[in-house]
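Asks: Listed here are the chains, written in short residue letters.
4 protein chains.
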Amino acid sequence: MNKARIEAFSDGVFAIIITIMVLEIKVPHGAAWSDLCQQYPIFLSYILSFMYVGIYWGNHHHLLHTVKRVTSTIMWANMHLLFWLSLVPFVTGWMGENHFAPHTVATYAIVMILCGTAFSILQIAIKKANPDEGRLGLALAKLRTKAYLSVVGYLIAIALAFVNTVFSGIILLLVAVMWFLPSKAVEEALLEEQND
Amino acid sequence: MNKARIEAFSDGVFAIIITIMVLEIKVPHGAAWSDLCQQYPIFLSYILSFMYVGIYWGNHHHLLHTVKRVTSTIMWANMHLLFWLSLVPFVTGWMGENHFAPHTVATYAIVMILCGTAFSILQIAIKKANPDEGRLGLALAKLRTKAYLSVVGYLIAIALAFVNTVFSGIILLLVAVMWFLPSKAVEEALLEEQND
Amino acid sequence: MNKARIEAFSDGVFAIIITIMVLEIKVPHGAAWSDLCQQYPIFLSYILSFMYVGIYWGNHHHLLHTVKRVTSTIMWANMHLLFWLSLVPFVTGWMGENHFAPHTVATYAIVMILCGTAFSILQIAIKKANPDEGRLGLALAKLRTKAYLSVVGYLIAIALAFVNTVFSGIILLLVAVMWFLPSKAVEEALLEEQND
Amino acid sequence: MNKARIEAFSDGVFAIIITIMVLEIKVPHGAAWSDLCQQYPIFLSYILSFMYVGIYWGNHHHLLHTVKRVTSTIMWANMHLLFWLSLVPFVTGWMGENHFAPHTVATYAIVMILCGTAFSILQIAIKKANPDEGRLGLALAKLRTKAYLSVVGYLIAIALAFVNTVFSGIILLLVAVMWFLPSKAVEEALLEEQND
Chain A
0 MNKARIEAFS
10 DGVFAIIITI
20 MVLEIKVPHG
30 AAWSDLCQQY
40 PIFLSYILSF
50 MYVGIYWGNH
60 HHLLHTVKRV
70 TSTIMWANMH
80 LLFWLSLVPF
90 VTGWMGENHF
100 APHTVATYAI
110 VMILCGTAFS
120 ILQIAIKKAN
130 PDEGRLGLAL
140 AKLRTKAYLS
150 VVGYLIAIAL
160 AFVNTVFSGI
170 ILLLVAVMWF
180 LPSKAVEEAL
190 LEEQND
Chain B
0 MNKARIEAFS
10 DGVFAIIITI
20 MVLEIKVPHG
30 AAWSDLCQQY
40 PIFLSYILSF
50 MYVGIYWGNH
60 HHLLHTVKRV
70 TSTIMWANMH
80 LLFWLSLVPF
90 VTGWMGENHF
100 APHTVATYAI
110 VMILCGTAFS
120 ILQIAIKKAN
130 PDEGRLGLAL
140 AKLRTKAYLS
150 VVGYLIAIAL
160 AFVNTVFSGI
170 ILLLVAVMWF
180 LPSKAVEEAL
190 LEEQND
Chain C
0 MNKARIEAFS
10 DGVFAIIITI
20 MVLEIKVPHG
30 AAWSDLCQQY
40 PIFLSYILSF
50 MYVGIYWGNH
60 HHLLHTVKRV
70 TSTIMWANMH
80 LLFWLSLVPF
90 VTGWMGENHF
100 APHTVATYAI
110 VMILCGTAFS
120 ILQIAIKKAN
130 PDEGRLGLAL
140 AKLRTKAYLS
150 VVGYLIAIAL
160 AFVNTVFSGI
170 ILLLVAVMWF
180 LPSKAVEEAL
190 LEEQND
Chain D
0 MNKARIEAFS
10 DGVFAIIITI
20 MVLEIKVPHG
30 AAWSDLCQQY
40 PIFLSYILSF
50 MYVGIYWGNH
60 HHLLHTVKRV
70 TSTIMWANMH
80 LLFWLSLVPF
90 VTGWMGENHF
100 APHTVATYAI
110 VMILCGTAFS
120 ILQIAIKKAN
130 PDEGRLGLAL
140 AKLRTKAYLS
150 VVGYLIAIAL
160 AFVNTVFSGI
170 ILLLVAVMWF
180 LPSKAVEEAL
190 LEEQND
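Chains as they are written, first to last, in numbering that gives the first Met the number 0: chain A, 0 to 195; chain B, 0 to 195; chain C, 0 to 195; chain D, 0 to 195.
Just so you know, not all the hints are guaranteed correct.
One copy or two, it doesn't matter: identical chains are merged, so the pair holds either way.
Stated by the list, open to error - Under the rule of at most 27 Å between Cα atoms (straight-line distance), these lysine-lysine pairs were calculated in the DSSO-like manner:
1) Lys2 to Lys67
2) Lys126 to Lys145
3) Lys127 to Lys67
4) Lys2 to Lys183
5) Lys126 to Lys183
6) Lys141 to Lys126
7) Lys25 to Lys183
8) Lys145 to Lys183
9) Lys25 to Lys126
10) Lys25 to Lys67
11) Lys25 to Lys141
12) Lys126 to Lys2
13) Lys145 to Lys67
14) Lys67 to Lys183
Derived from the structure by calculation, the hints contain no laboratory data.
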């Protein structure tokens with residue numbers, strides 16, 4: 000019961016975050032394709048963030064699937080994650096409007112590190128309240144490895160932002176792609192759970 | 000369980016897309032009806048897009064009704080569809096503010112093709128994961144015919160945009176009206192399923 | 000099943016309509032209370048619309064409670080209602096920013112008539128698909144009487160808008176207050192249903 | 000059934016309120032960190048409001064957990080609470096953009112008092128309709144003590160706003176922190192209920 004409402008609220012916030020980002024894409028004043036093309040950095044940053052928020056939604060979805068008992072700590076850890084994710088539309092707009100300027104790209108990567116950290120905190124809070132995690136323990140551990148890799152990627156992206164932001168963008172994209180590959184361990188664990 | 004959360008998230012995104020479009024209708028500075036009437040292209044484009052997003056919601060609703068097993072592919076195909084739909088408020092605003100200028104109408108139709116393609120991809124992904132579709136197979140196939148017709152309509156609308164955008168607008172409207180006619184096959188299949 | 004998703008989608012749209020209206024209240028540039036007070040017509044129109052959308056949500060909630068079988072007609076009638084309601088933030092902003100100028104107040108009342116008509120169409124569509132309505136028939140009929148009274152109120156508000164918009168505002172408020180009084184017939188019918 | 004839809008609608012409104020606040024953080028025109036830092040009051044006010052709305056969501060969540068019978072009074076009391084909460088993004092933006100100017104801070108605290116009062120009214124309405132509250136009665140009573148303390152805190156914050164708004168901000172933060180501490184009584188009562 001508790002869980003259903005946390006999911007509903009989080010789904011609402013995820014849906015709004017992913018959709019209001021499009022409000023940052025201001026309608027160009029001209030009516031020609033050339034006017035549209037000038038906004039290409041805004042579209043690129045939108046695509047990147049849409050992927051990231053989509054990935055977070057998918058992982059959040061899987062993570063909450065493993066919850067049986069909801070505690071106050073889980074509720075606040077979840078709110079903390081949503082806080083950092085809520086800043087994604089802002090940093091997306093800032094990065095896009097300024098054509099991937101160094102400081103904006105670095106800020107984007109920093110917010111991504113904070114989102115990732117918040118996700119890990121939620122993961123730990125859930126594990127603490129639901130210690131009998133069974134096969135899902137391994138799966139969660141594997142996700143954590145991916146999380147560490149992502150942080151390394153973000154840190155490299157921050158450093159490269161001051162050299163050439165194109166490299167930073169490519170690394171941010173690669174991190175997203177890595178997350179697109181579904182975690183076999185999580186899926187198998189979920190499947191097993193469904194069969195029980 | 001999985002399915003319920005995909006529906007909840009998609010419903011949230013659909014609801015937000017359909018509602019934030021109204022934010023593109025800027026409040027006119029004057030207080031007279033003549034000030035309101037000057038915005039008629041913005042209202043026309045809003046009505047058209049409201050119809051389209053409403054149609055997609057209805058079809059999405061029916062399509063997900065046929066899902067029993069949710070896979071990662073379905074989740075990403077759904078996210079991909081929501082991505083293209085999320086651009087609808089932007090192209091609606093661009094088309095409306097520029098009084099249906101050729102490039103804006105063509106862009107609108109292109110986004111519609113991409114939404115339609117994404118819907119078909121989702122349909123294929125669902126069919127693959129749920130091969131035992133029974134009577135719904137025929138119904139889905141019939142929807143696909145409508146989808147092909149729509150793409151033809153959109154292509155004609157793009158071509159006509161460079162001749163006279165009024166014709167493009169009429170074709171876009173006709174495609175929407177075609178989708179308003181409910182698919183008997185889908186409804187009967189759903190009804191049959193309910194009776195089982 | 001069908002019904003749950005119509006409710007979820009409608010709830011999402013209602014929640015967004017009622018909340019994005021606050022985006023029309025632009026933050027004043029000054030930092031003093033006098034700057035805030037200058038915006039009083041915007042706040043008044045916001046309160047009025049919040050009441051109206053809240054009332055529609057409550058009535059929609061009750062009306063859908065009586066649905067057992069969802070048809071395509073019900074789905075489109077619901078979408079049609081949401082369309083007119085989605086214009087409420089726009090007319091609210093227009094009326095508020097222009098200090099209840101005659102044309103804006105009349106437009107507001109016209110949109111209210113269209114919302115009311117759309118609600119009646121939905122009511123009829125639901126009755127047609129669910130003819131065995133039992134005691135709820137009387138309750139719905141009584142709501143329809145209130146709806147007729149509202150339309151009369153809106154028409155008077157339109158006429159008075161060209162004399163003195165203060166009178167129009169009072170009538171619009173009275174109509175809202177009339178709807179705040181809960182329909183005993185509907186509640187008793189719902190209660191009876193719960194006891195069965 | 001009734002309750003589920005009130006929760007869904009409220010969750011939607013909460014999710015939107017908490018997320019649209021980020022729209023008040025306008026993307027800075029410059030691309031350097033110094034441009035971002037100039038907006039620090041806007042970020043501070045955003046963090047504060049995110050905490051408050053998050054706390055209200057958590058408490059609302061617990062409070063509705065105790066509801067068995069939904070009445071019209073509860074529905075309107077809930078709508079009334081959502082009305083005051085919907086003004087939070089506005090006062091947050093006003094306070095942030097004006098660097099915590101006295102009048103803006105006082106207005107923020109006044110809106111907080113009104114939100115708190117609305118929450119208490121909802122609490123009373125729920126108690127009246129669900130008198131057999133059992134152990135939850137004590138838990139609710141304890142929450143009410145916290146509510147009184149908060150009002151005292153808000154009043155002090157209003158008074159101090161005319162002396163030094165830094166003190167007001169600290170008190171507003173302390174009130175939020177007080178609410179972060181979970182109410183043992185409520186949690187135990189909920190736990191007991193789950194075990195029954």
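Asks: Evaluate each hint against the coordinates.
Replies: Cross-check of the supplied hints:
{"no.": "1", "hint": "Lys2 to Lys67", "result": "both (8 Å within a copy, 18 Å between copies)"}
{"no.": "2", "hint": "Lys126 to Lys145", "result": "within (17 Å within a copy, 31 Å between copies)"}
{"no.": "3", "hint": "Lys127 to Lys67", "result": "within (12 Å within a copy, 31 Å between copies)"}
{"no.": "4", "hint": "Lys2 to Lys183", "result": "both (24 Å within a copy, 19 Å between copies)"}
{"no.": "5", "hint": "Lys126 to Lys183", "result": "both (20 Å within a copy, 21 Å between copies)"}
{"no.": "6", "hint": "Lys141 to Lys126", "result": "within (14 Å within a copy, 30 Å between copies)"}
{"no.": "7", "hint": "Lys25 to Lys183", "result": "neither (40 Å within a copy, 41 Å between copies)"}
{"no.": "8", "hint": "Lys145 to Lys183", "result": "within (13 Å within a copy, 36 Å between copies)"}
{"no.": "9", "hint": "Lys25 to Lys126", "result": "neither (42 Å within a copy, 38 Å between copies)"}
{"no.": "10", "hint": "Lys25 to Lys67", "result": "neither (43 Å within a copy, 40 Å between copies)"}
{"no.": "11", "hint": "Lys25 to Lys141", "result": "neither (40 Å within a copy, 38 Å between copies)"}
{"no.": "12", "hint": "Lys126 to Lys2", "result": "both (15 Å within a copy, 24 Å between copies)"}
{"no.": "13", "hint": "Lys145 to Lys67", "result": "within (24 Å within a copy, 30 Å between copies)"}
{"no.": "14", "hint": "Lys67 to Lys183", "result": "both (22 Å within a copy, 20 Å between copies)"}
In summary, the structure is inconsistent with hints 7, 9, 10 and 11 from the numbered list given earlier, while agreeing with the others.
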